[in-house]
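My request is simple: use the sequences and hints to build the entire structure.
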Amino acid sequence: SYNGKATIRSWSLKTEILAYPATPYYVTTSNSSHISLSGINKVNSVTISVTTPTNTSIKAFVSFDCILNWKYYSGGTWQIASGGLSDLQTTGNTTTEIQAGLTNLTITTETSLNFAFSLRTTDSAVTPEIDAIAVVPTSQ
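The numbering of the sequence shown is this note's numbering, which starts it at 6 and goes up by one.
Calculated directly from the structure, the hints in this document are not laboratory data. Quick caveat: nothing in here was measured; it's all calculated off a predicted structure. C-beta: ideal position from N, C-alpha, C; glycine also. Don't take every hint at face value.
As the list claims (entries may be wrong) - Simulated DEER-style distance windows between Cβ atoms: (1) A27 - G81: 26 to 36 Å; (2) Q84 - A130: 30 to 40 Å; (3) D128 - N49: 34 to 44 Å; (4) N49 - A27: 33 to 43 Å; (5) S79 - T28: 16 to 26 Å; (6) A139 - S37: 13 to 23 Å; (7) A137 - S41: 34 to 44 Å; (8) C71 - V141: 20 to 30 Å; (9) T111 - L73: 16 to 26 Å; (10) Q94 - E115: 34 to 44 Å; (11) T127 - G44: 35 to 45 Å; (12) G88 - T143: 25 to 35 Å; (13) T56 - T28: 14 to 24 Å; (14) T116 - V32: 15 to 25 Å.
Have a look at this one:
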């Protein structure tokens, strides 16, 4: 429930791998770690804090339906990634694009907010990191 104050939900991911794969890999939230949009009528803002060392990159998708469909933001609208997570590296958004697409998003039929991130490096000594995700909603 909403108490009239801004609610911030955060999700954090840290990895400890000795040698990172030189091919992209992805991480996702799950149905047990998603952000419920029940009782929310608008997402005011989203902040995704990342660390991207040289030779690394991050691409992202979101899902609004408990990961039935992964979506990317393009041309001012959310598009379904027809190939699902296999399209993440080619059609995924930057975290800046995801933040822009989610800021001031009016919630209509969306039930949850899940994230998928492709973490890519060409240097096995470093990897990009998702440090935190903060979502500030407005309740109904």
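Tested hints:
1. A27 - G81: 26 to 36 Å: Because 35 Å falls inside the window, the suggested range holds.
2. Q84 - A130: 30 to 40 Å: 35 Å, holds
3. D128 - N49: 34 to 44 Å: 37 Å, holds
4. N49 - A27: 33 to 43 Å: 38 Å, holds
5. S79 - T28: 16 to 26 Å: 25 Å, holds
6. A139 - S37: 13 to 23 Å: 19 Å, holds
7. A137 - S41: 34 to 44 Å: Since A137 and S41 have Cβ atoms about 18 Å apart, the given range 34 to 44 Å is violated.
8. C71 - V141: 20 to 30 Å: 22 Å Cβ-Cβ, so the 20 to 30 Å window holds.
9. T111 - L73: 16 to 26 Å: 20 Å Cβ-Cβ, so the 16 to 26 Å window holds.
10. Q94 - E115: 34 to 44 Å: At roughly 25 Å between Cβ atoms, E115 and Q94 fall outside 34 to 44 Å, so the hint is violated.
11. T127 - G44: 35 to 45 Å: The hint (35 to 45 Å, Cβ to Cβ) holds, given that T127 and G44 are roughly 43 Å apart.
12. G88 - T143: 25 to 35 Å: 33 Å, holds
13. T56 - T28: 14 to 24 Å: 20 Å, holds
14. T116 - V32: 15 to 25 Å: 22 Å, holds
Violated hints, listed in ascending order, are 7 and 10; each of the other numbered hints is respected by the structure.
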